[in-house]
Amino acid sequence: MSARETLKEGFFQECEDLLETMSDGLSEMERGENDAEVVNAVFRAVHSIKGGAGAFGLNVLVNFAHSFENLLDDLRRGAVRPESSVIQLLFRASDRLFDVVEAERSGRDPLGRAQDAEEYDALLAQLATACAASPAADSEQSDPEADFVPTTLAFGPDLGLSDVEAALHTHIIRFAPHKSLYASGNDPVALFSALSDLGGLSVSADISAVPPLGALDWEESHIVWTLSLATELPVPDIMDVFEFVSSDAAISFEDLPAAVAEDMPTAPLETEEPPPAQVLQVSEARTSDPGKSNPSGSSNARQSIRVDLERVDRLINLVGELVISEAMLTQSITQDGLVQNTDIETALARLKQLSTELQERIMAIRAQSVKALFQRMSRIVREAAHATDREVRLITEGESTEVDKTVIEKLADPLTHILRNAVDHGIESAEARQAAGKPAHGTVRLLAAHRSGQVIIEIEDDGAGIDSDRVLAKAIERGLVSADAELSEQEIFHLLFEAGFSTAEQVSSLSGRGVGMDVVRSEIQALGGRVNIASVRGAGTTLTISLPLTLAVVEGMLVEVAGETLVIPSTALRETMRAEGAMVHRLGAGEPVLAIRGALIPIIDLGESLGFRQMPASVSGLPLLLVESAAGRLVALTADKIIHQREVVIKGLAENYGHVRGIAAATILGNGRIALIIDIDQVAGNGLGGQDEAASLTAHGVG
Amino acid sequence: MQNVAELEQTNQREIVSFRVSGKDFSIDIGYVREIRGWSPTTILPHTPDYVKGVMNLRGNVIPVMDLSHRLGLGPTEPTERHVIVITVLGDKTVGLLVEAVSDIMSVPADELKPTPDLASTSSRDFVEGVYMIEDSLIRVMDIHQVFARETGGF
Numbered sequence: 001m002s003a004r005e006t007l008k009e010g011f012f013q014e015c016e017d018l019l020e021t022m023s024d025g026l027s028e029m030e031r032g033e034n035d036a037e038v039v040n041a042v043f044r045a046v047h048s049i050k051g052g053a054g055a056f057g058l059n060v061l062v063n064f065a066h067s068f069e070n071l072l073d074d075l076r077r078g079a080v081r082p083e084s085s086v087i088q089l090l091f092r093a094s095d096r097l098f099d100v101v102e103a104e105r106s107g108r109d110p111l112g113r114a115q116d117a118e119e120y121d122a123l124l125a126q127l128a129t130a131c132a133a134s135p136a137a138d139s140e141q142s143d144p145e146a147d148f149v150p151t152t153l154a155f156g157p158d159l160g161l162s163d164v165e166a167a168l169h170t171h172i173i174r175f176a177p178h179k180s181l182y183a184s185g186n187d188p189v190a191l192f193s194a195l196s197d198l199g200g201l202s203v204s205a206d207i208s209a210v211p212p213l214g215a216l217d218w219e220e221s222h223i224v225w226t227l228s229l230a231t232e233l234p235v236p237d238i239m240d241v242f243e244f245v246s247s248d249a250a251i252s253f254e255d256l257p258a259a260v261a262e263d264m265p266t267a268p269l270e271t272e273e274p275p276p277a278q279v280l281q282v283s284e285a286r287t288s289d290p291g292k293s294n295p296s297g298s299s300n301a302r303q304s305i306r307v308d309l310e311r312v313d314r315l316i317n318l319v320g321e322l323v324i325s326e327a328m329l330t331q332s333i334t335q336d337g338l339v340q341n342t343d344i345e346t347a348l349a350r351l352k353q354l355s356t357e358l359q360e361r362i363m364a365i366r367a368q369s370v371k372a373l374f375q376r377m378s379r380i381v382r383e384a385a386h387a388t389d390r391e392v393r394l395i396t397e398g399e400s401t402e403v404d405k406t407v408i409e410k411l412a413d414p415l416t417h418i419l420r421n422a423v424d425h426g427i428e429s430a431e432a433r434q435a436a437g438k439p440a441h442g443t444v445r446l447l448a449a450h451r452s453g454q455v456i457i458e459i460e461d462d463g464a465g466i467d468s469d470r471v472l473a474k475a476i477e478r479g480l481v482s483a484d485a486e487l488s489e490q491e492i493f494h495l496l497f498e499a500g501f502s503t504a505e506q507v508s509s510l511s512g513r514g515v516g517m518d519v520v521r522s523e524i525q526a527l528g529g530r531v532n533i534a535s536v537r538g539a540g541t542t543l544t545i546s547l548p549l550t551l552a553v554v555e556g557m558l559v560e561v562a563g564e565t566l567v568i569p570s571t572a573l574r575e576t577m578r579a580e581g582a583m584v585h586r587l588g589a590g591e592p593v594l595a596i597r598g599a600l601i602p603i604i605d606l607g608e609s610l611g612f613r614q615m616p617a618s619v620s621g622l623p624l625l626l627v628e629s630a631a632g633r634l635v636a637l638t639a640d641k642i643i644h645q646r647e648v649v650i651k652g653l654a655e656n657y658g659h660v661r662g663i664a665a666a667t668i669l670g671n672g673r674i675a676l677i678i679d680i681d682q683v684a685g686n687g688l689g690g691q692d693e694a695a696s697l698t699a700h701g702v703g
Numbered sequence: 001m002q003n004v005a006e007l008e009q010t011n012q013r014e015i016v017s018f019r020v021s022g023k024d025f026s027i028d029i030g031y032v033r034e035i036r037g038w039s040p041t042t043i044l045p046h047t048p049d050y051v052k053g054v055m056n057l058r059g060n061v062i063p064v065m066d067l068s069h070r071l072g073l074g075p076t077e078p079t080e081r082h083v084i085v086i087t088v089l090g091d092k093t094v095g096l097l098v099e100a101v102s103d104i105m106s107v108p109a110d111e112l113k114p115t116p117d118l119a120s121t122s123s124r125d126f127v128e129g130v131y132m133i134e135d136s137l138i139r140v141m142d143i144h145q146v147f148a149r150e151t152g153g154f
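Protein sequences appear in the order of chains E and X.
Sequential numbering of the first sequence, starting at 1, is according to the working numbering.
Sequential numbering of the second sequence, starting at 1, is according to the working numbering.
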C-alpha cells in the first residue's frame, strides 16, 4: 500500500468516527437538545470530513459535505430554526453523506447510478433552499473544483469573545509545524492560502535550521514560518484556520492585545516545541463547554491505535493453541503422577491462570460497542417508516455494550430484517393505533446488554403482536405442521422461523426482499446464538437474541458416548441427572420418555442420534442431560458418562469438510484428540420439519 | 536430481506415489503438504463410510478419507504402519489414508497414458491417467474429483 493509500485509509477510518459523532449529534437534536455545543459537534464532524476529502481530491464528497455544512452553519448561527423538517433533511443528508463516504471508500463513483445522481442533486437543492443563503457560500458552491477552503466561521455572541476589538490589526504568527503535520497529509501552503483569504498576508520562512543536504532527514520538519497577517478578524477566527493542525504544530501569536492574552496562553517564542496540550487549550478556550467534546478532533485526545484485524486474529489463534497445549501438558503431567510435586502443581496452576487471562484479554481486543451498529439500524427504521408511511420512533439502549467485532458485522443483516419486519408488520398505521387507544407513533426499542455471560439483543415493538391462529393456519396450509398438531404458543411463534413460511401475502416493498425469518435464525445460529419470540396480541412483539460473548470459546459439558467424547454447550444445558427406573416410561413401542415434575420429556440417546449405536435397551442408570432447544423444547439426552464441565476452544469443521448434521463444531482436547460439539437444536429437533418432525410432534401430543 | 530449469525444459512433473490396497497411485507433489503416520481419528456422524473421521493437524480439524474405500477397493483397517497424506486443494485440507508412500519421482508429463478399460469403474473416475514406470503401473489421481465429491456430494 502506498503512503497515500495508507493515509487515505486512515482518513476513511476517521470518517467512521466522525459519522458516528454526527449521528449522535443529530439524534440529540431530534430529541430537541439544540444547544450550540450539539450543533457545533455535528458541524465539526462534517467539516472534518470535508477537510480530509479535499486533501484527497474526493470532489463529490467535498461538495456534498460543503452544502451540508452550510446548513449546519446557518443552524448554529441561528439563521435557520431547527424545525422538524430541517432535522429530517439533516438526517437524509447524513444518510447520503454516509453513502458517499462508503462509495468513495470502495472506489465507486458515488454518483454512478442515475438514481444516485438524481437523489444527490435533489438533496443538494434542498439543502441550498433550507439555508439562509449567504453569498460567500454560494460562490464556493458553484465552483466544483474548489479545493479545501475552510469556511470562515461567524462567531456567536454567546461565546463571550465578541468584545475583541475589530479594528484592522497586524498579527505576527509563528508557525512551526511538527513532522506529524506532514505525516498526516497537511500542506502549509493550503493553510497560508486560507489565511490570505482573511486579510493581507506576508510569509517568511526561517530555513536556518535546515541541515546540509547530506545530513538531511527529509521526514523531519526543519522550517519555521513567520506570518504577518493584517486582518480585522479576532484571533480565534485566525486559529480556526489551524483547527486541523493545532496539535501538529507550535503556533504562537507574538502581538496579542493584552485582553486576549490573559485567557489564551501562548508559548514563548524561545521554547522549541510548546506542548500540544497548550495549543489545544487555545482552541478549547473558544468553546462554551470544553468538557463535552474535543472540537479539534485531535488524535491525541483518545489513547487508541488502529490495528489490522488479521493481526489480532492471528494472536487469538495462537492463544487458542496455547490454551490447548497447556491442557495437554497438565493432562500428561497428571497421568505421569508428577502432581505430587507441589512446585509443578503451583507452576501449572499459574500457567493455567495466565493463559486463561491472556485469552480473555485478547478476546477483549476484538470487542466493540454496538453503537455504530445501532446507528445504522436507526437509519433502517427511519427508511422503513418512511416507505410504509408509519410513524415510528426508535429507542436504543445499552449502546456501549461490547460484542465481538465479527458478531457485530454478522448481526447487521438479521437486525435489519427484524427491524423492517417490526415496522412493516408490527407497527400499525396511525389510525389503527389511535383506534386501539395507543399513541399514533409506534415505538421500537433496540436494546443490548450483557446477561449471565451472554450478549442479549432485544428488539421490542409496541405494535399489533403476532396472530398465532393465523400463523398456525398458514403453517398447516403450507404443510409445515400436520393439521392436528397441538403446539404451544411458543412453538407457533417459532414457525415464523421455518424456511418456506414467508408468504406471498406478506411480501411488501420492504420486507419481502428474499430474506425470510428462517435466514435470520440461521444467521444467528451460525454465531452460536439463539432467537426467542414473545408476543402479546395487541401489545407488541419482543425478539430476544442471545449470543455468546466470543466466537472462539464455548463453555461445555464433556460426555462420553460409544467411546467418543462429545461436548454439550452449557447454554442449552438445563440440568443433569441419573435416570431412575421409575422415571422412565415407554409408550408402546416408541421412544422412552422421562417423567419429571409432571411433564413427559422425550429421551434421545446421543449415540443413536449420531448413528454411533442403537438405542440402549435400558436407559436406567445412565446419566441424563436435560437440554432445551432454541424453540424451547426440552429433551433428555443419554450418555455413557459425564466427564466434566470446561471451556473449549471452537474449531470449525466447515472449512475443510462442510456441515455435519447434529454437529456444531469441533474442539481439541487436552490429549490432542478431537471432540465434536453437539448442535442441540438439530439433535433435539426443533419440534418441526424433517425426520424429527413426527417424533417430536407425537412427543408433544403426549406431553 | 534435476534442477528446475531442466524440469521445465523437458516438461517433467513430480509426483508422490503411494500404495492403496496393493495398487500404485500417485498425485502431483504440489497438492501434498505433508505425510504423517496414522493416529486414531474422531468419528464424524452422518458421513459416508469412507470418511474415517477428523484428525488434529496442529490445531486444525481436518477430515481423513479412506482412499481405498473411496476408490471402491474395500475398507482399510488402519494400523500404526498406515500413512496419512495431507493434501491441500484451494482452501481445503484433507487427509488421505493410504497403505504406504512409495516414492517421489519425476516423470515426463507427455507420457501419461489413458486409463486402461480393465480398471474398475469406480476407481477410474478418480484417475487422470497412468504411467508405466519400470514395469509397474502408476495411476495418477485426479484430486479435483476426489475433493469435489468429498465436499459436495453428501
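For the record, the hints were derived by calculation from the structure and aren't laboratory data.
Virtual Cβ for every residue (Gly too), placed ideally from N, Cα, C.
Mixed in with the good hints there might be a few duds.
Unchecked claim - Some, not all, of what chain X presents toward chain E, calculated at C-beta under 10 Å:
#1 T42
#2 H82
#3 I133
#4 S136
#5 H144
#6 Q145
Stated by the list, open to error - Listed below are the simulated DMTMM-like cross-link pairs for lysine to aspartate or glutamate, each with C-alpha atoms no more than 25 Å apart in a straight line:
#7 E:K371 x E:E321
#8 E:K410 x X:D142
#9 X:K92 x E:D313
#10 X:K92 x E:E321
#11 E:K474 x E:D681
#12 X:K92 x E:E477
#13 E:K8 x E:E397
- Task: Check each numbered hint from earlier against the structure, then list the numbers of those it violates in ascending order.
- Result: 2, 3, 4, 5, 6, 7, 8, 12, 13
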